[in-house]
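Starting from the given sequences, assemble the full structure and let the hints guide the process.
Chains A and B are the protein sequences, given in the same order. Positions 1 to 316 (my numbering) are the ones given, in order, by the first sequence. Positions 1 to 239 (my numbering) are the ones given, in order, by the second sequence.
Everything labelled a hint here was simulated from the structure, so no lab data went into it. Check the hints yourself; a few may be wrong.
Stated by the list, open to error - Derived lysine to aspartate or glutamate pairs resembling EDC-like cross-links, with alpha carbons at most 16 angstroms apart:
1) A:Lys256 with B:Asp136
2) A:Lys124 with B:Glu17
3) B:Lys147 with B:Glu167
4) A:Lys256 with B:Glu98
Claimed, not checked - A few chain A residues facing chain B, derived, Cβ under 10 angstroms:
5) Pro67
6) Pro190
7) Phe193
8) Ser258
These figures come from a predicted structure and were not determined experimentally. Backbone N, C-alpha and C define an ideal beta-carbon position, used for all residues, glycine too.
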Amino acid sequence: MRNFKFIILIILVIIASLFLLSYGEAGLLFNQTIFWQLRLPKVVVALLSGGILATAGLLMQVFFQNPLAGPDILGVSAGSSLFVALWVMGASFFPSFLYKIGATVLSLFGAFSVFGILLFFLYKKFSRFSLLIVGLLISTFASSCISFLMNISTNLQVKNYLIWTLGSFRNVTIEELPYFILMGVISLIPLLFLPKSLNLFQLGENYAKSMGANVTNIKNVLITVCAFSISTVTLFCGPVGFIGIIAPHLARFYLKSSNMNYVLPATFLFGSVIALLAESLLVLTPSWSLSVNTILGFFGAPVVIIYLYHQRNLHQ
Amino acid sequence: MSSTLLKLQNITVGYQEKNILENISATISESGIIALMGVNGIGKSCLLKSISGLIPLKAGNILITDRLAHDFTVKEFAQTIAIVLTDKIQVDFLTVSELVSLGRSPYSNTRGVLSDQDNNFVKNILILMNIFELKDSYLQDLSDGQKQKVSIARALAQNPKVLLLDEPTTYLDIPSKIDLMNMLKKISLERGLAILLSSHDADLASEYADQIWHIDTFGLLVEESPSNAKKIFIKSERE
Chain A
1 MRNFKFIILI
11 ILVIIASLFL
21 LSYGEAGLLF
31 NQTIFWQLRL
41 PKVVVALLSG
51 GILATAGLLM
61 QVFFQNPLAG
71 PDILGVSAGS
81 SLFVALWVMG
91 ASFFPSFLYK
101 IGATVLSLFG
111 AFSVFGILLF
121 FLYKKFSRFS
131 LLIVGLLIST
141 FASSCISFLM
151 NISTNLQVKN
161 YLIWTLGSFR
171 NVTIEELPYF
181 ILMGVISLIP
191 LLFLPKSLNL
201 FQLGENYAKS
211 MGANVTNIKN
221 VLITVCAFSI
231 STVTLFCGPV
241 GFIGIIAPHL
251 ARFYLKSSNM
261 NYVLPATFLF
271 GSVIALLAES
281 LLVLTPSWSL
291 SVNTILGFFG
301 APVVIIYLYH
311 QRNLHQ
Chain B
1 MSSTLLKLQN
11 ITVGYQEKNI
21 LENISATISE
31 SGIIALMGVN
41 GIGKSCLLKS
51 ISGLIPLKAG
61 NILITDRLAH
71 DFTVKEFAQT
81 IAIVLTDKIQ
91 VDFLTVSELV
101 SLGRSPYSNT
111 RGVLSDQDNN
121 FVKNILILMN
131 IFELKDSYLQ
141 DLSDGQKQKV
151 SIARALAQNP
161 KVLLLDEPTT
171 YLDIPSKIDL
181 MNMLKKISLE
191 RGLAILLSSH
201 DADLASEYAD
211 QIWHIDTFGL
221 LVEESPSNAK
231 KIFIKSERE
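Below you can see the structure in the form of structure tokens.
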């Protein structure tokens, strides 16, 4: 039964990918340049970023023992965005070959800073709800800073930045693709060793410790993996919302299991499916000039609210 | 020389700068149920967490099976001592057998795969705790009494010599309390296990415990016989 469920998920990913590879805004046209320059990078990026954001969301939910944690909700994406904004707006001062490397480093720095702030409040015994508010405030603060930066920047830089914040899986060129895949795969390798620790950790830190888990180590690995993967995706695709919070719940609910050996890969696949479906919607409605974040927000916000409603019934 | 299961030598426990209990010494030399009693907030939970290594000791030594606690590796320690806390486990879609199997993780490989032997061990624990028919149920669908049994089964799966239980009977109704205590008594005898449990219930303690550790209002730990339990507890309530 479980294998069957995984096969269905994989088939979904394949169908959506094939659709996006064969159909684009130019219609059912098949042409070498379009395939290599546009469609292939787009599909690979959507597949990987969706999966990575989803798994990062799952790791954060386990880490913070909070079903509502996620890269966007806790402000990690915003932290990354702020530092990328600094870089984008200041780009004219730097030589162009430094551009991508500098942005990578700063985006990572932004994500780690936000984790630092969150950990401080976690250590001070902030409740899970207060922590969500801290995340919200970090996002607000970051967007204020970004508005200020926009006011003092030239039009072109502002436009570049604004387009980036809408979220898109189409920004990666075929030349950048290997770099993106490399970063993505690096951030995924530690996941192979995590299921046992995650299974213990989701019972709570004390229980994990009492069963012989090295809690400090697990925490460090979780934070590093999350910061690295979120900042990679944010850098290339902009701050993409909702996938990180929704996919883990879909995976648990779909498999009716919390066993991380299965939930972790299923979460990745659900993330990929969501990203590919969002991209398919974009392709099907070219005249509406939608963006990934518009679509994810439109469907994502109601799903989270339905989830909260369902939880209220469960714990009464 | 007689061997002991657990020996506390002048230990001081507490959180950060604050000492909760100072200079505690006590010994458990044979298997059975040991009731840790004392008024609310005196530091029973803190003492249990310190013994299980969740809170670092401020001073003194703990010997488990005649060996210094900090000489154990993390894995060995988890194979010797297990704890059930008052923290609720809130994970959706986790089955009883999955949770109890997690108790075998001190024995499993880095990927957490259990051997046939481990699976057999888990099965025996489930039968022992009388929850085998619940093995595929989700945790969220169980009653409080069943949840408590499952939590204890998870700890027993670690195959410990010393089992620490923080307020195991607090949220249970009377029949469940009696059922659980009978079961614990049986298990401690069969497996040669020392069960140290904190409790407010003087009746239950005097009925089932083989030994009482009473923390009085001055924070001193006194080892008593169960027959004194009621008397002591009523006295300390008045103080």
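For each hint, the structure was consulted:
1. A:Lys256 with B:Asp136: Holds - the C-alpha atoms of aspartate 136 (chain B) and lysine 256 (chain A) are around 12 angstroms apart, at most 16 angstroms.
2. A:Lys124 with B:Glu17: Within the cut-off at roughly 15 angstroms; holds.
3. B:Lys147 with B:Glu167: Between lysine 147 (chain B) and glutamate 167 (chain B) the Cα gap is close to 14 angstroms, so the pair holds against 16 angstroms.
4. A:Lys256 with B:Glu98: At roughly 13 angstroms apart (the allowed maximum being 16 angstroms), glutamate 98 (chain B) and lysine 256 (chain A) satisfy the hint.
5. Pro67: For proline 67 (chain A), the interface hint holds, since the closest Cβ of chain B sits about 8 angstroms away, which is under 10 angstroms.
6. Pro190: Check failed: Cβ of proline 190 (chain A) comes no nearer than 12 angstroms to chain B, outside 10 angstroms.
7. Phe193: Given a least distance of 7 angstroms, the restraint on phenylalanine 193 (chain A) holds.
8. Ser258: Since chain B brings a Cβ to about 4 angstroms from serine 258 (chain A), closer than 10 angstroms, the hint holds.
When held up to the earlier numbered hints, the structure conflicts with hint 6 and nothing else.
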